[in-house]
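Undergrad: So the chains spell out like this:
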Amino acid sequence: MKAISKYKEKLLVHKVKENGDKEAFSKLYDLYIEKIYRFIFMKVSNKEEAEDITSEVFLKVWNYLIDETSVQKKIKSFSGLIYSISRNLVIDYYRKKATKNECILEKIGEIEEINIVDNKLDLENKIDLKKDINEIMKAIQKLKKEYQELVLLKYVEELSVKEISEITGKKNTNIRVTLHRALKNLKKELEK
Amino acid sequence: MKELKRQIKNIKKVKGLVNPDNLWVEENKNKLMSQIAHTNVIQEKKIESYSESLGFLMRLEKNVEAFIPRKLKYNFKPALIVFCALLFTSTGWIASAYAEPGDMFWGTKMAINNVVEKSQIVFTAEDDETKLHLKFASKRADVIKQVSEKTEIEVKKEDKAKIINDTKDKLKENLDDANESLKNTSSDKASEMVKEISLKTSEITKSVKESAEKIKIEDKELAKNLDESVADSQKTSLEMVEVLLQKKVESKKEITEEEKNIITEHIAVIVGNLEDHIESLKEENIEEEKENLKNTSSTIMISSTTTSTQGGSDLVGEIVLNTSTELLNIVEVESILDENNNKEENTEDEKFAQGESVLDGEIKINSSTINIGKIVEVKIILDKTQEDLVKGKDEMNILAVDDLLGAVQKAKQITEDTKEAEVQINKIEAQNTVPEPDNNSSGENNVENENVIEAQNIVPEPVEE
Numbered sequence: 000m001k002a003i004s005k006y007k008e009k010l011l012v013h014k015v016k017e018n019g020d021k022e023a024f025s026k027l028y029d030l031y032i033e034k035i036y037r038f039i040f041m042k043v044s045n046k047e048e049a050e051d052i053t054s055e056v057f058l059k060v061w062n063y064l065i066d067e068t069s070v071q072k073k074i075k076s077f078s079g080l081i082y083s084i085s086r087n088l089v090i091d092y093y094r095k096k097a098t099k100n101e102c103i104l105e106k107i108g109e110i111e112e113i114n115i116v117d118n119k120l121d122l123e124n125k126i127d128l129k130k131d132i133n134e135i136m137k138a139i140q141k142l143k144k145e146y147q148e149l150v151l152l153k154y155v156e157e158l159s160v161k162e163i164s165e166i167t168g169k170k171n172t173n174i175r176v177t178l179h180r181a182l183k184n185l186k187k188e189l190e191k
Numbered sequence: 000m001k002e003l004k005r006q007i008k009n010i011k012k013v014k015g016l017v018n019p020d021n022l023w024v025e026e027n028k029n030k031l032m033s034q035i036a037h038t039n040v041i042q043e044k045k046i047e048s049y050s051e052s053l054g055f056l057m058r059l060e061k062n063v064e065a066f067i068p069r070k071l072k073y074n075f076k077p078a079l080i081v082f083c084a085l086l087f088t089s090t091g092w093i094a095s096a097y098a099e100p101g102d103m104f105w106g107t108k109m110a111i112n113n114v115v116e117k118s119q120i121v122f123t124a125e126d127d128e129t130k131l132h133l134k135f136a137s138k139r140a141d142v143i144k145q146v147s148e149k150t151e152i153e154v155k156k157e158d159k160a161k162i163i164n165d166t167k168d169k170l171k172e173n174l175d176d177a178n179e180s181l182k183n184t185s186s187d188k189a190s191e192m193v194k195e196i197s198l199k200t201s202e203i204t205k206s207v208k209e210s211a212e213k214i215k216i217e218d219k220e221l222a223k224n225l226d227e228s229v230a231d232s233q234k235t236s237l238e239m240v241e242v243l244l245q246k247k248v249e250s251k252k253e254i255t256e257e258e259k260n261i262i263t264e265h266i267a268v269i270v271g272n273l274e275d276h277i278e279s280l281k282e283e284n285i286e287e288e289k290e291n292l293k294n295t296s297s298t299i300m301i302s303s304t305t306t307s308t309q310g311g312s313d314l315v316g317e318i319v320l321n322t323s324t325e326l327l328n329i330v331e332v333e334s335i336l337d338e339n340n341n342k343e344e345n346t347e348d349e350k351f352a353q354g355e356s357v358l359d360g361e362i363k364i365n366s367s368t369i370n371i372g373k374i375v376e377v378k379i380i381l382d383k384t385q386e387d388l389v390k391g392k393d394e395m396n397i398l399a400v401d402d403l404l405g406a407v408q409k410a411k412q413i414t415e416d417t418k419e420a421e422v423q424i425n426k427i428e429a430q431n432t433v434p435e436p437d438n439n440s441s442g443e444n445n446v447e448n449e450n451v452i453e454a455q456n457i458v459p460e461p462v463e464e
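Protein sequence lines correspond, in order, to chains V and Y.
Under numbering that gives the first Met the number 0, the final residue of the first sequence carries the number 191; numbering is consecutive throughout.
Under numbering that gives the first Met the number 0, the final residue of the second sequence carries the number 464; numbering is consecutive throughout.
Just so you know, these hints were derived from the structure itself, not from any lab.
Some hints could be false.
To be verified - In silico DMTMM-like links for lysine to aspartate or glutamate, alpha-carbon gap of 20 Å or less:
#1 Y:194 to Y:401
#2 Y:8 to V:190
#3 Y:11 to V:33
#4 Y:1 to V:127
#5 Y:378 to Y:275
#6 Y:411 to Y:264
#7 Y:11 to V:157
#8 Y:213 to Y:157
Just so you know, these numbers come straight off a predicted model, no measurement behind them.
With the rest of the complex left out, here is chain Y (with noise of 0.2 Å):
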């Protein structure tokens, strides 16, 4: 029987016979495709409309669909999106859990990590969430120190200022989540996470600072920003610190020697740490001091021309005083214009409307000037904050021998000090911002300088007809 098959088998292998010609099959192929080649094919049209509207994947999910069994196409159509969606959510879930802060599955870790963290919270007993707190709080200055040693190369500079700003928001809400747990933790066991608090609150605090420190170099902004959550760090965890002295003192538990010394150590590396933050505060300004007296030109002039057609007088006007830090007082800028010019002055608008007269001016009050006033200011607040510290911080020692929670609450109210004194240093800054005078405007605008609008004032901006 094989045999017969091998025999029918050879039948293909004969020319001619049963099988075409060959000169005949090319001629079939040629008059077949001018046959076709005048067939209006509609799907031709579609095709492209799909192209244009669905892209890409629409003509894979065509091509798959090519191979796909109708029968299972329809039967199994849901299993196989749930299917797909359950295969690129854990793709990407892989994906994310090993990217680094710049990566671009970062986001989804995070995003990822937020959800896994609050179903955490969800599960944990009421005594515990403070250190689960913590321990996302860790996890955040940890992130920012990752974040701040790494170069421009690795993470871009925006990236970066976004990620470090994201998570320092985040450490701040893991701190006050902590802080709020821990006021709702029964006595008895929040006594005895005293020592447990305050190492990894100081821990906290400690790596944000050393972040703060690296990133200084390169974005002194965003340096600023973390001293700011350093600030908060070192505020919530002194609260901290004092919510679980008083819940000791409530569940009538002494406090051992190591505790003591645990805490004292706390609140000295948190006052000590406001030192050093004073005395940058005071050698920074300094720097600018120096700096803007090198840049200071040592005249204010105020120079004011009249013409009048009507045949009125020329005048000029000018002040010249010498700079130096004694000589911030002189706001009191004399006024030179005699009265014929200040009846002019009434008037000026009607006779520039009519062009008969031209009044040219123009004042140039350093800006140096005001920033050196600033630092004056600044300087004042500084010295007597760091006074203040000192004092404080005797204060603070004294206690810390026989009250402990006294200690604290002066550390506590020290830092409050502290940042206020910021508040306001931050504030004069604000205010004494001159603004850049725009030749075009009319100075309504600037509102900022009481001097400036008022020079306006006096001596406008020529119009040119």
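Just chain V, same shape as in the assembly (with noise of 0.2 Å):
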């Protein structure tokens, strides 16, 4: 199933490349909205932020596919453009918070309000999982920044360690030892 979505992606990039389809650039757009927006929160901590970067992201995306000279070039994976669309942005972000000395808001904070998605949990499981959760993301928080990126690739949008290598840059074995390591230090961090 994987595989047909990977296909299906990969004509939809087509589509928007040599046609400039603005439907097919839609249908990325709902693959990827959820991903990337949760990619962005994770790393700066604010709804808003995070909603004006991602807007912003796709944007990007749409200007980099229909570019002339981008044409020519060959996408190995759209997943891999647009999460480095992305990191890029998110450290532009930062460069300009550096330049105006202002307050990154590293916490998320206590979930108030949560809602899970999942019809089948009752109410108890619901009210556990919402202790789990709080528990991880408050987990999370403490992590480096680099363990952060990766756990939420890896584990919460279940990227494959070739796709998180071509997104950050890095080695296969680098990416499974940060990978080994950034949980090791999560474990830790619960276990506190």
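Take each chain as given, in its own frame, and dock them per the hints.
TA: Have a look at this one:
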């Protein structure tokens, strides 16, 4: 199924690249909006900022795809492209903040209103899940930025090591080692 | 660790928190779509021009390109092209291997066959070439038979004619090649092939003859072509048998009783075929004669009316001739126009130009009369040919007892004589064809029949002012 969706995604990208197909781009948006938002939100920890950056990411992706010079270029992986753009925009965001000496909200805070999507769960389980997520989120916040990113990409977005390697520009083995360390640290944080 | 991973995954399930607000997602989408709606996409035009100029294949290649890694595409492009070429060729070859006459791949099959046959000949020893050529000729005869058996639903009439005519030409080529290579075959080898060649050639002739008879009902012209092919095959087969016998004499080998019987039967069949052919031509001739006599109007009317505004004479001449076979010499048409009229004729062009006179004329020479002339002439030739054929056949039978080579040569001569007679008949038919008189033509082009021209000179077409 994953392979089929990958081919479907490639076809959509191709349609956007060759025809400037807005319909195809809209489908790509639906596929990636949540992932990108989560990715950015985990980095900026601010809803409004995350929304703005996410919007900008999609606009940048569109411009990149329809750009005549990029048409000649082969896009290895769309996910690699969109996450790279997101990363760069987040870096830009931090740069701007640093120059303005603004305080960056690092903490996500307590989950007050939890709305679990899974309808199969009963109330007791939902409360347990709420507790778990709260704890995990706090633990993740305490991790190094590098670890945070990898944990998010690997276990939340369920990307492969190869895809993460394309996004981060790191070697596969390096990613595996870092991920292992990140999980170890996360576990430690949770046990505290 | 697994539990931890599962717990991390649950983050996705939480609405709010790290996940975007659904309302925002929709609003942002609309906003984004409206933003990109104003973007000028140059590629759109590009793809349009692609689709116009290069069509479906180009678009297909572009779409497939999306799934081929760039490295692979450039490194393996030549290999891919070779692979595709092989794929197309082999598919075409496989499809054509089972093609039947009239099928889409029939032409391909024939083209492949030609190449295969030529290469086969190259790799065959000179002494065996004759057999190979005969094998190909036999294949052609089978094709002709196969096609002639097909109904019009299976193969269109024009396709059928085309395939048969093409195959017939190929058959002739094969037989000629076989004959040629037989001449180059060593005497020893050739003398061993007497039986085989005699049987094969007579089989081919028989097969083509049967096809011609089958096709006669639906396409007479095509049947005529096939008859010619039969005659050619017979002639070539006789030539081959003659060469074989000569080679046998050269190699000082005796003709076995079996070989003698095969050859005698072979030449007897050929002469028998010729007899049948002449007989059928005669029948056709008689039929045609009957048909013409039925349709022939019994009069040839020449009516001429001349009117002169200067008070000239009005003259109507009429010749009525009874039509019968004996009256075929009626080419002498008596002119009943008087001297006055003849004088007027000399100056008629001037008078027409001045509008002084109107000459009205009509000549009708029924073409059936000429057809009868043709039929009789053909009949005479056919009678003579038949007579010669019977005489020749008797001589051939006598020769066959002691001199087989002489008998074959006699059969060959009979074949040639018959063919010559047929050529003569065709010539007569072609010469006597009367073109339909064209009312608008000045008569300059109708050179075929002098009578018509003459008549037109006497009574020219009226000129309308």
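Undergrad: Tell me, in ascending order, the numbers of any earlier hints that this structure violates.
TA: none
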